[in-house]
Amino acid sequence: MTEITRKGVVFIVPCSGIGKTYGTVSREAAYHVTEDLRPEDTRLVALSKLVLGDEEARTVVAGNPAISIDGCKLACATKMVQESGGSIAKDYAVLEVYRRYKQFKPQGIAVLNEGGEQLAQALANEIALVVDELTSGKGGKENG
Amino acid sequence: MSDYLEFRVDKFVFKVAVDCLYSEEGVWVKLEEPYVRIGISDYLQQRSGDVAFVEVKPVDTVLVVGEEVAVIETIKVNISLTAPVTGKVIDVNPALGTSPEAINFDPYGAGWLVIIEATEWDTNLKQLMTPQAYCAKIKREAEQEVKDK
Numbered sequence: 051m052t053e054i055t056r057k058g059v060v061f062i063v064p065c066s067g068i069g070k071t072y073g074t075v076s077r078e079a080a081y082h083v084t085e086d087l088r089p090e091d092t093r094l095v096a097l098s099k100l101v102l103g104d105e106e107a108r109t110v111v112a113g114n115p116a117i118s119i120d121g122c123k124l125a126c127a128t129k130m131v132q133e134s135g136g137s138i139a140k141d142y143a144v145l146e147v148y149r150r151y152k153q154f155k156p157q158g159i160a161v162l163n164e165g166g167e168q169l170a171q172a173l174a175n176e177i178a179l180v181v182d183e184l185t186s187g188k189g190g191k192e193n194g
Numbered sequence: 006m007s008d009y010l011e012f013r014v015d016k017f018v019f020k021v022a023v024d025c026l027y028s029e030e031g032v033w034v035k036l037e038e039p040y041v042r043i044g045i046s047d048y049l050q051q052r053s054g055d056v057a058f059v060e061v062k063p064v065d066t067v068l069v070v071g072e073e074v075a076v077i078e079t080i081k082v083n084i085s086l087t088a089p090v091t092g093k094v095i096d097v098n099p100a101l102g103t104s105p106e107a108i109n110f111d112p113y114g115a116g117w118l119v120i121i122e123a124t125e126w127d128t129n130l131k132q133l134m135t136p137q138a139y140c141a142k143i144k145r146e147a148e149q150e151v152k153d154k
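Heads up: the sequence lines are chains P and B, in that order. Going by the working numbering, the final residue of the first sequence carries number 194, and the count climbs one at a time with no gaps. Going by the working numbering, the final residue of the second sequence carries number 154, and the count climbs one at a time with no gaps.
Since the hints were derived computationally from the structure, they do not count as laboratory data. Being a predicted model, the structure only gives us computed values, none of them experimental. Every residue, glycine too, gets a C-beta built ideally from N, C-alpha and C. Hints should not be assumed to be uniformly reliable.
Cβ pair distances, simulated, as ranges [claimed, not checked]:
no. : chain 1 : residue 1 : chain 2 : residue 2 : range
1   : P       : Gly69     : B       : Gln149    : 18 to 26 angstroms
2   : P       : Gln157    : B       : Glu30     : 19 to 27 angstroms
3   : B       : Ala141    : P       : Leu94     : 47 to 55 angstroms
4   : P       : Ala96     : B       : Ile95     : 46 to 54 angstroms
5   : B       : Gln51     : P       : Arg150    : 22 to 30 angstroms
6   : B       : Thr87     : P       : Gln157    : 38 to 46 angstroms
7   : P       : Thr109    : B       : Gln51     : 17 to 25 angstroms
8   : B       : Gln51     : P       : Gly69     : 14 to 22 angstroms
9   : B       : Val18     : P       : Arg150    : 25 to 33 angstroms
10  : B       : Ile95     : P       : Arg149    : 24 to 32 angstroms
11  : B       : Asp111    : P       : Ser98     : 28 to 36 angstroms
12  : P       : Tyr151    : B       : Pro63     : 21 to 29 angstroms
If we strip away everything but chain P, and leave its shape as in the complex, we get:
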């Protein structure tokens, strides 16, 4: 379990699953956080860059708290952050989030249905609160 107390930018690493509804939800949530809700406090990292070993991406992830959003149980986003030397401040699995918001049933692949958009927004709202805790120095917990 990792306690994060560093004050700074939080990196958001969503699933890269293309053609998968839950992967799309993860990316939409990441966009909401990094572009709309907490643009000053967060940065988006493409999982593919970590997979390919991009030095810049690995360096920033290794030196800052990261929030991963996984689209399936393979948990590629979480694993790649860890393999890149980063610390997971909080990991999300879209399926677990959906179980908390049963009314938002996600469908669609390239374009999410309304339920999927609402689920992505709900997830983004949760992540924004975690970002607030991290940037205020309150910390987060891995697998929390």
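Use these hints to put chain B onto chain P, whose structure you have.
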């Protein structure tokens, strides 16, 4: 602990518990006299994907073969499962409300669905497949699917 028949197709390994009988749609039935316990096969859960929610008929529901006994919502599909036996539901798996993923990680054990007091077991038995017959059926299906890709 159950013994299994196992086979691999492509990268997937499927298990068929040998102490159960099976319906065509992939519901397993285990006789625990005087009751039967039912759930879904490993093949069906792997094809259906991660389970998000499960709804099963409540205790005291009387079912006839072919009537809906449970609905499983996964990340891919919604499955309406039909009762493989006639009888009354006497118990439901309480863990499925909070841990529906049990169906994925332990389909023949912790992921069971309901226990039914079967009232026409001798008749229902004739409609169910042996583990060997079910295994052969799903192996053909899986291999055909790979060929069709």
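Open item on the list: Which constraints among the numbered hints does this structure fail? Numbers only, ascending.
Closed with: 6, 7
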